[in-house]
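Chemist: Chains as they are written, first to last, in this note's numbering: chain C, 1 to 469; chain G, 1 to 407.
It is possible that some hints are incorrect.
[To be verified] EDC-like, lysine to aspartate or glutamate: derived pairs with alpha carbons at most 16 Å apart:
no., chain 1, residue 1, chain 2, residue 2
1, C, K430, C, E405
2, G, K211, G, E175
3, C, K393, G, D254
4, C, K119, C, D90
5, G, K211, G, D254
6, C, K273, C, E251
7, C, K310, C, E450
8, G, K253, C, E469
9, G, K129, G, E115
10, C, K77, G, E175
11, G, K44, C, D72
12, G, K253, C, D321
13, C, K310, C, E268
14, C, K435, G, E23
15, G, K136, G, E115
16, G, K127, G, D241
17, G, K211, G, E386
18, C, K249, C, E279
19, G, K19, G, E3
20, C, K77, G, D254
21, G, K309, C, D461
22, G, K374, C, D321
23, C, K77, G, E39
24, G, K375, C, E445
25, G, K364, G, E394
26, C, K427, C, D402
Just so you know, the hints here were simulated from the structure itself, not pulled from any lab data.
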Amino acid sequence: MSELGFEEDHAVQTMLSVSFVYVPLSGSPRLAFHYPEPMSEIKSDGAMSDGSGGSLGDSSRVHSLPRAFFADFLCAKLQLCDAVMDITIDRLRFIGYPLLLPSSNPHSKPERTVQHDIKSFNVVFTVNRSELLKNRGPLHMPTACSRASKVIGIALRYEEMRCGYLSEQVALLKTGSYSHNQASSNHCNLSMVLTETFESLRSSLITRVFVNGWLEVSLPPPYEPIEPSDREPIRPYQTMLPIDSDISKLEALLPRGASQVVRTLLREANPCKSFQDLEVEIDIPLETLLMAAGTLVEWHLGIISETISKHNVYVVSPTADIAVGSPLYFEFEKFSGNVRDRRWSLPGLLLQFSAPQTLEKHRTALGGSAVLVMEFIACLIWLIRIGLVIQLKTYIHLSLFDYSEEERAAVLNEKYGSRSDFHSFLKLTKYFDGKHHVEDIMWRENCTREELFRIIDSYPDVLTTCVHE
Amino acid sequence: MAELEGIYFAEFDNTMGPKVTYEAPEGLINPEVFDAISECIIPKPWLFGRMMSTYAFGKTYLGMPVNLEGAQYERNRMLFNVGVVLHPSRRNHSSEVAVYEPVIRKIAQTLEALEAETCFLSDESMKVKLGDVLEKVLTGLRKHSKAVVPIDEANILHLVLNPRQTSQPVPNVREHDVPVPLCDLRRHVASEKDLVLRRIYPCIDGVRFIKQVAEMADVDTELAIECVAGLVCLDLVRLVDIFQYSNIYAATKDVRRIASDPALRDKCLATILDPAVRKTMTTNELFSLYAALRPGLRYEDFCLTRESKLIGVHRHRLITFGLVNGLIRRVLPYPLHLPLPGESNISQLIAQEKMDAQAGNQLKTFELSLMDGKKSLDELCCIVRERGPAELAEAIAAHQRCILVYK
Numbered sequence: 001m002s003e004l005g006f007e008e009d010h011a012v013q014t015m016l017s018v019s020f021v022y023v024p025l026s027g028s029p030r031l032a033f034h035y036p037e038p039m040s041e042i043k044s045d046g047a048m049s050d051g052s053g054g055s056l057g058d059s060s061r062v063h064s065l066p067r068a069f070f071a072d073f074l075c076a077k078l079q080l081c082d083a084v085m086d087i088t089i090d091r092l093r094f095i096g097y098p099l100l101l102p103s104s105n106p107h108s109k110p111e112r113t114v115q116h117d118i119k120s121f122n123v124v125f126t127v128n129r130s131e132l133l134k135n136r137g138p139l140h141m142p143t144a145c146s147r148a149s150k151v152i153g154i155a156l157r158y159e160e161m162r163c164g165y166l167s168e169q170v171a172l173l174k175t176g177s178y179s180h181n182q183a184s185s186n187h188c189n190l191s192m193v194l195t196e197t198f199e200s201l202r203s204s205l206i207t208r209v210f211v212n213g214w215l216e217v218s219l220p221p222p223y224e225p226i227e228p229s230d231r232e233p234i235r236p237y238q239t240m241l242p243i244d245s246d247i248s249k250l251e252a253l254l255p256r257g258a259s260q261v262v263r264t265l266l267r268e269a270n271p272c273k274s275f276q277d278l279e280v281e282i283d284i285p286l287e288t289l290l291m292a293a294g295t296l297v298e299w300h301l302g303i304i305s306e307t308i309s310k311h312n313v314y315v316v317s318p319t320a321d322i323a324v325g326s327p328l329y330f331e332f333e334k335f336s337g338n339v340r341d342r343r344w345s346l347p348g349l350l351l352q353f354s355a356p357q358t359l360e361k362h363r364t365a366l367g368g369s370a371v372l373v374m375e376f377i378a379c380l381i382w383l384i385r386i387g388l389v390i391q392l393k394t395y396i397h398l399s400l401f402d403y404s405e406e407e408r409a410a411v412l413n414e415k416y417g418s419r420s421d422f423h424s425f426l427k428l429t430k431y432f433d434g435k436h437h438v439e440d441i442m443w444r445e446n447c448t449r450e451e452l453f454r455i456i457d458s459y460p461d462v463l464t465t466c467v468h469e
Numbered sequence: 001m002a003e004l005e006g007i008y009f010a011e012f013d014n015t016m017g018p019k020v021t022y023e024a025p026e027g028l029i030n031p032e033v034f035d036a037i038s039e040c041i042i043p044k045p046w047l048f049g050r051m052m053s054t055y056a057f058g059k060t061y062l063g064m065p066v067n068l069e070g071a072q073y074e075r076n077r078m079l080f081n082v083g084v085v086l087h088p089s090r091r092n093h094s095s096e097v098a099v100y101e102p103v104i105r106k107i108a109q110t111l112e113a114l115e116a117e118t119c120f121l122s123d124e125s126m127k128v129k130l131g132d133v134l135e136k137v138l139t140g141l142r143k144h145s146k147a148v149v150p151i152d153e154a155n156i157l158h159l160v161l162n163p164r165q166t167s168q169p170v171p172n173v174r175e176h177d178v179p180v181p182l183c184d185l186r187r188h189v190a191s192e193k194d195l196v197l198r199r200i201y202p203c204i205d206g207v208r209f210i211k212q213v214a215e216m217a218d219v220d221t222e223l224a225i226e227c228v229a230g231l232v233c234l235d236l237v238r239l240v241d242i243f244q245y246s247n248i249y250a251a252t253k254d255v256r257r258i259a260s261d262p263a264l265r266d267k268c269l270a271t272i273l274d275p276a277v278r279k280t281m282t283t284n285e286l287f288s289l290y291a292a293l294r295p296g297l298r299y300e301d302f303c304l305t306r307e308s309k310l311i312g313v314h315r316h317r318l319i320t321f322g323l324v325n326g327l328i329r330r331v332l333p334y335p336l337h338l339p340l341p342g343e344s345n346i347s348q349l350i351a352q353e354k355m356d357a358q359a360g361n362q363l364k365t366f367e368l369s370l371m372d373g374k375k376s377l378d379e380l381c382c383i384v385r386e387r388g389p390a391e392l393a394e395a396i397a398a399h400q401r402c403i404l405v406y407k
């Protein structure tokens, strides 16, 4: 499992299979393709292996459904074509988008006429409903499945109308001997497209497939697109963390049309450098950088994080899975293979982050060795990326809750009006609502940490600080 | 929750084929729609008895096809399906539809039993009552999310829609969890016939953990766990950890609610203040107490430095209220027993254990085997039961290959 694989792992249980069913011009509906279980494992008889009383919830049992089920049931009636198909049976959910092929036009020119053997077809995804109910799978998954089925289906239909692609591929699938090797004479492009589509949905990554080797189809991401109004604004003091340390792997996932700025940001992103720092370093305007970062986050290739600085405090995340022998230990071993001095073990790091202290204190404890500090920071970045640690931030509250706004101003004025820094304090009070952390206030007011804390420390009676994630 | 458009009863008619016999309201499923989806409503044999839904023309049709076999039927079988038509929002289709499944299953099973007992469905004079029954079920479910509909003198259909039942996972209740009542339990469960519930509810005081509750009520722990899980589902109790002064609690981002929500603040003050000692407390004082809780700070140390501010404040209830309302969270210690590098060498393991024993280490092999990072120190103490968390934590600290991770 790769670093990317954590999402993949939990989605594995949600996405169960993909199948291709079609209705030939003459004859009954057929199941032409099924993945990951090969066709040979699909039962050909009509009896259910577990008797009628069992529940179809077990992910390993999708293929125990009879072949006739897939064919009859998932080939929608003509009046239900060109619309979302969504059927649940016990714990399984079948999602597709059946499409009708227009009957061949007798008035078209003879040289353009293609012999079609197919009346309608459907690319169907099987989803484990129990996982959706437990909210473990992404809620958006069903919509992503129907959209993927639709876009792939439209491309398949286009190619069928253009050159009889589907008829030819289905004939090849029927023979049972085909290969994914493009150089091979019996190469089956359809099976490759369907397999890649399924794997893309399963891995929660943005991808594209090429139908018939040329028609590029961008697959919808299996996560909910964030509405622009719901997006957390990205701040110049923050930074972007690519979701995998292997940048070339991420670059391969970028769509062809991805801008040069997006590529540069992916390569140059450094968790210890804010967007403001990067602006100077790589000479790209801040606005453009923030937009590129937003794009990478949207594509699930990057996460926004606070820039690592000596003042930051991290603790083990309450949701971290720290069980001995969990895949994380294996992942860490793989990661730390690159670290020269194997001083850090995962339990050792978890212990370090069991009690909150600033990175500066951690650094002091390491005795000032620059190499050790660098390795420690590398481990920390890994922990942040995996979500094993969370950052604690300091929020400030003006603790005059029982007063109205006017009363509050009067109280403050009466008590502190004569102080020399009162105006600076008053200017900051709008941020003392518990919604702005220290770094945010520093950026908004363009002040240093020392200046801010000098004020906070001189008004202890009316300010309450609170530390949380 | 998905909007309930109507209820139908469909069957396989020996001369006409699949048809909708009764529907509420009238005209719920038009003939063209039924023609398109009839294979999902009266399906092939391998789908009998399975909960099925299909989405077509903007609506979801959820039902359960039931097949009854017997020589008395014309084709040796009777096939019917009772179901609902829903207008779901597409957001979380799975759980919205799932809410109706128990109701459908119950109606189908009741009809099946009635047919077996009184030929309710095969006797046309009795079956005709179904139209009225469906009408009443629809009205009840729409208006009150429940319906009590008499079918004949002996049978009454009791149906309840419980959104929590399926939209949320069954709570993982453990014997060391402390159930905290969210209301006066006596009022809610006094009329209950469940004997376990009647015995345990007086013992639920927000302090005792489930194992203690079970022992006090003289009930099997497993039964008590099941019973408390039911109360959690109904939102009558919430679970918190065992309270100890050595525990660490930390404010969450919701902590500011105690200052911004006057109703919550008043409820909090009514809960935590001892009326005999202290009558009032300002919002600022209350907020600053919760805001000061942070990772790394033991509650005993927190209390020591705030003696004066805590006069007249029930210290245990301050924590319980914060936990139940999500203002604070517990930072739990998880013991980890680390395997030796190249742990497969058993003789090395034994040698290490001997060394640990000589060093005055008190941890037993059984205790070590439990330290897998999945169980918190509380859970471990509940299993071991010989010593408290403080003693165990001390032994862990002294052990060379054990650590406590706080999260």
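Chemist: All the hints need checking, so say for each whether the structure fits it.
Modeler: For each hint, the structure was consulted:
1. Proximity of K430 of chain C to E405 of chain C is assessed by CA-CA distance (about 11 Å); at most 16 Å being required, the pair is judged to hold.
2. Of the supplied pair hints, the one linking K211 of chain G and E175 of chain G holds, its CA atoms being roughly 5 Å apart against a limit of 16 Å.
3. A distance of roughly 14 Å separates the Cα atoms of K393 of chain C and D254 of chain G; the hinted pair therefore holds under the 16 Å criterion.
4. Taking the CA atoms of K119 of chain C and D90 of chain C, the gap is about 30 Å. The hint is violated against a cut of 16 Å.
5. Distance restraint check for K211 of chain G and D254 of chain G: the Cα-Cα separation of roughly 31 Å exceeds the 16 Å cut-off, and the hinted pair is therefore not satisfied.
6. Straight-line distance between C-alpha atoms of K273 of chain C and E251 of chain C comes to about 21 Å, which puts the hinted pair past the 16 Å bound.
7. For the proposed pair K310 of chain C and E450 of chain C, the alpha carbon gap of about 14 Å is at most 16 Å, so the pair holds.
8. For a cut-off of 16 Å, the pair hint linking K253 of chain G to E469 of chain C stands: about 7 Å separates their Cα positions.
9. Restraint check for K129 of chain G and E115 of chain G: the C-alpha separation of about 13 Å stays at or below 16 Å, so the hint holds.
10. A hinted pair counts as satisfied when its Cα atoms are at most 16 Å apart, and K77 of chain C with E175 of chain G does not qualify at roughly 53 Å.
11. For the hint linking K44 of chain G to D72 of chain C, the alpha-carbon distance of about 10 Å falls within 16 Å, and the restraint holds.
12. Between K253 of chain G and D321 of chain C the alpha-carbon distance is near 22 Å, which puts this suggested pair outside the 16 Å criterion.
13. At most 16 Å may separate the alpha-carbon atoms for a hinted pair to count; K310 of chain C and E268 of chain C exceed this at roughly 21 Å.
14. Distance check on the hinted pair: K435 of chain C and E23 of chain G sit about 53 Å apart at the alpha-carbon level, beyond 16 Å; violated.
15. The straight-line distance between the Cα atoms of K136 of chain G and E115 of chain G is roughly 20 Å, outside the 16 Å bound, and the hint therefore fails.
16. Between K127 of chain G and D241 of chain G, the direct Cα distance comes to roughly 54 Å. Violation of the 16 Å bound is thereby established for this hinted pair.
17. A C-alpha spacing of about 15 Å is found between K211 of chain G and E386 of chain G, which places the hinted pair at or below 16 Å, so the restraint holds.
18. A hinted pair counts as satisfied when its Cα atoms are at most 16 Å apart, and K249 of chain C with E279 of chain C does not qualify at roughly 25 Å.
19. The suggested pairing of K19 of chain G with E3 of chain G is violated, with an alpha-carbon distance near 24 Å, which exceeds 16 Å.
20. Using a Cα cut-off of 16 Å, the hinted pair K77 of chain C and D254 of chain G is violated, with the two alpha carbons roughly 51 Å apart.
21. For the hint pairing K309 of chain G with D461 of chain C, the CA-to-CA distance comes to about 14 Å; that is within 16 Å, so the pair holds.
22. For the given pair, K374 of chain G sits about 8 Å from D321 of chain C by alpha-carbon distance, which is consistent with the 16 Å threshold.
23. For the hint pairing K77 of chain C with E39 of chain G, the CA-to-CA distance comes to about 9 Å; that is within 16 Å, so the pair holds.
24. The straight-line distance between the Cα atoms of K375 of chain G and E445 of chain C is roughly 46 Å, outside the 16 Å bound, and the hint therefore fails.
25. For the hint pairing K364 of chain G with E394 of chain G, the CA-to-CA distance comes to about 14 Å; that is within 16 Å, so the pair holds.
26. A distance of roughly 21 Å separates the Cα atoms of K427 of chain C and D402 of chain C; the hinted pair therefore is violated under the 16 Å criterion.
Checked against the numbered hints listed earlier, the structure breaks hints 4, 5, 6, 10, 12, 13, 14, 15, 16, 18, 19, 20, 24, 26; every other hint is satisfied.
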